[in-house]
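2 protein chains.
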Amino acid sequence: MLDTIFNHRSIRNYKSDPIAESLLDDILRAGSRASTTGNMQVYSIIVTSDTLLKEKLWEIHFRQNMVKQAPVILTFCADFNRFNIWCRQRKAEPGYDNFLSFITAFIDALLAAQNCALAAEDAGLGICYLGTTTYNADKIIDVLELPEFVVPVTTLVIGYAADDPGLTDRLPVEAVVHPEKYKNYSAADIDRLYLEKESMEQTASLLEINKLETLAQIFAQKRYTKKDNEFFSGKYLEVIRRQGFMK
Amino acid sequence: MLDTIFNHRSIRNYKSDPIAESLLDDILRAGSRASTTGNMQVYSIIVTSDTLLKEKLWEIHFRQNMVKQAPVILTFCADFNRFNIWCRQRKAEPGYDNFLSFITAFIDALLAAQNCALAAEDAGLGICYLGTTTYNADKIIDVLELPEFVVPVTTLVIGYAADDPGLTDRLPVEAVVHPEKYKNYSAADIDRLYLEKESMEQTASLLEINKLETLAQIFAQKRYTKKDNEFFSGKYLEVIRRQGFMK
Numbered sequence: 577m578l579d580t581i582f583n584h585r586s587i588r589n590y591k592s593d594p595i596a597e598s599l600l601d602d603i604l605r606a607g608s609r610a611s612t613t614g615n616m617q618v619y620s621i622i623v624t625s626d627t628l629l630k631e632k633l634w635e636i637h638f639r640q641n642m643v644k645q646a647p648v649i650l651t652f653c654a655d656f657n658r659f660n661i662w663c664r665q666r667k668a669e670p671g672y673d674n675f676l677s678f679i680t681a682f683i684d685a686l687l688a689a690q691n692c693a694l695a696a697e698d699a700g701l702g703i704c705y706l707g708t709t710t711y712n713a714d715k716i717i718d719v720l721e722l723p724e725f726v727v728p729v730t731t732l733v734i735g736y737a738a739d740d741p742g743l744t745d746r747l748p749v750e751a752v753v754h755p756e757k758y759k760n761y762s763a764a765d766i767d768r769l770y771l772e773k774e775s776m777e778q779t780a781s782l783l784e785i786n787k788l789e790t791l792a793q794i795f796a797q798k799r800y801t802k803k804d805n806e807f808f809s810g811k812y813l814e815v816i817r818r819q820g821f822m823k
Numbered sequence: 577m578l579d580t581i582f583n584h585r586s587i588r589n590y591k592s593d594p595i596a597e598s599l600l601d602d603i604l605r606a607g608s609r610a611s612t613t614g615n616m617q618v619y620s621i622i623v624t625s626d627t628l629l630k631e632k633l634w635e636i637h638f639r640q641n642m643v644k645q646a647p648v649i650l651t652f653c654a655d656f657n658r659f660n661i662w663c664r665q666r667k668a669e670p671g672y673d674n675f676l677s678f679i680t681a682f683i684d685a686l687l688a689a690q691n692c693a694l695a696a697e698d699a700g701l702g703i704c705y706l707g708t709t710t711y712n713a714d715k716i717i718d719v720l721e722l723p724e725f726v727v728p729v730t731t732l733v734i735g736y737a738a739d740d741p742g743l744t745d746r747l748p749v750e751a752v753v754h755p756e757k758y759k760n761y762s763a764a765d766i767d768r769l770y771l772e773k774e775s776m777e778q779t780a781s782l783l784e785i786n787k788l789e790t791l792a793q794i795f796a797q798k799r800y801t802k803k804d805n806e807f808f809s810g811k812y813l814e815v816i817r818r819q820g821f822m823k
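As you go down the protein sequences, you meet chains B and F in turn. According to our numbering, the first sequence is numbered sequentially starting from 577. According to our numbering, the second sequence is numbered sequentially starting from 577.
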């Protein structure tokens, strides 16, 4: 288990080899064993392998080729639709058209996703999460025909790796861990915790390509800009509202 | 790996035995290897074992005794504070005071949490997620002294199990899986998918205790009511806003 966790890499190039049905079933069942609020299981997993649908998802996920290459795309959704139908069919009036219920379902979907990711990696498959899911949730809703009370949360690309990237760097664990209470960061803490990341050869070449002075500028000015974040914030909030969760 | 996933139970009674420091360190490092958006690691883990602090958390988490019993409480937070400080210290103006950035950090925190949960279970520890984290996030912020841009997402109770509950039932996996696109549920689908859950002895006794006709009514009228959900929705949205993520 720990080996699988500590060997995780995001795979961005895939072979076209299909995933055996029994293995895919194991992966999905692994997802369904994750913790879930009150055992409500308020999430759904859309398993897409159809070429045309994958092409539409590829378009939505910023044309990252892995979406077309990999045999299976799993879209994890916050889903109170099934639970609401069950309630109404059983003489109960559901009260889940609100933000807390969305958040609850969002959590369920992510714990299931990480179980699927680890089960896949444990079986020798590669995976990659697509953050673009929340950016273009509106378009995913159209393509996957998601009804009210279903909102895309994250996507896993799954398949056999066509390359073998090294482990990605991480901050020293003490950067993200706070004993007892939150301890805020001094300037010296930040320098120390980001030193390794900033000293990497890869960082130097990124700075040269982008003609920028610091790695933080690459994040703030190129990769995750205020303008884009604000644009996609508005879109995602509108999706949450339109799908029924902001009453 | 699959064994650990398929044997997951939520443990609600703990021995007071401490967790060895090296094991806890493995669990936290497992968290830090999880996928994270753009390798930003925009989450933090607060590790609380102090008796007084745990007592305050116990109060916040609806006085569930496991919070006092278990040796370690991990509070997972969406955290752009560290990243923002780093940006400012590196001549970059962060643009992360918006809802999308909150959602991004929320996802990061949950993937790390599930890695920690599985690493703990793999080592023979018991775990339980506390959904009450989002209900009383405001109080957790006070107790754990979380600064702006840090919002509690979920909590893991970790320790050695004092009981050995059976596996919890789950819906058949086809209930949560949709091949290719979302397929909505017919009345017959709902009857079939919820049959096992509704037929359980435990359900019959719950109905008798609550003097209600259906299991769905227990959820909608007792456990997760519209009134509570709306109250906690307002509180959590206010927390997100107050911590700086709704600009």
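You may find that some hints are simply not true.
In this list, chains with the same sequence are indistinguishable; a pair is considered to hold if it fits within one copy or across any two.
Using 25 Å as the maximum straight-line C-alpha spacing, the simulated SDA-like pairs for lysine to any residue come out as follows [what the hints assert, rightly or not]:
| hint | residue 1 | residue 2 |
| --- | --- | --- |
| 1 | K591 | Y761 |
| 2 | K632 | E669 |
| 3 | K591 | V648 |
| 4 | K757 | D593 |
| 5 | K667 | L747 |
Since the hints were made in silico from the structure, they are not lab data.
For each hint, the structure was consulted:
With identical chains, the CA atoms of K591 and Y761 are never at most 25 Å apart, being 43 Å at best within one copy and 34 Å at best between copies. In this assembly of identical chains, K632 and E669 lie within 25 Å of each other by CA distance neither inside one copy nor across copies; the values are 37 Å within and 35 Å between. For a Cα distance limit of 25 Å, the shortest separation of K591 from V648 inside one copy, 11 Å, qualifies, whereas the shortest one across copies, 43 Å, does not. In this homomeric assembly, K757 and D593 come within 25 Å of each other (Cα to Cα) only across copies, at 22 Å, whereas the closest approach inside a single copy is 48 Å.
With identical chains, the CA atoms of K667 and L747 are at most 25 Å apart between copies only, with a shortest distance of 20 Å across copies and 51 Å within one.
Checked against the numbered hints listed earlier, the structure breaks hints 1, 2; every other hint is satisfied.
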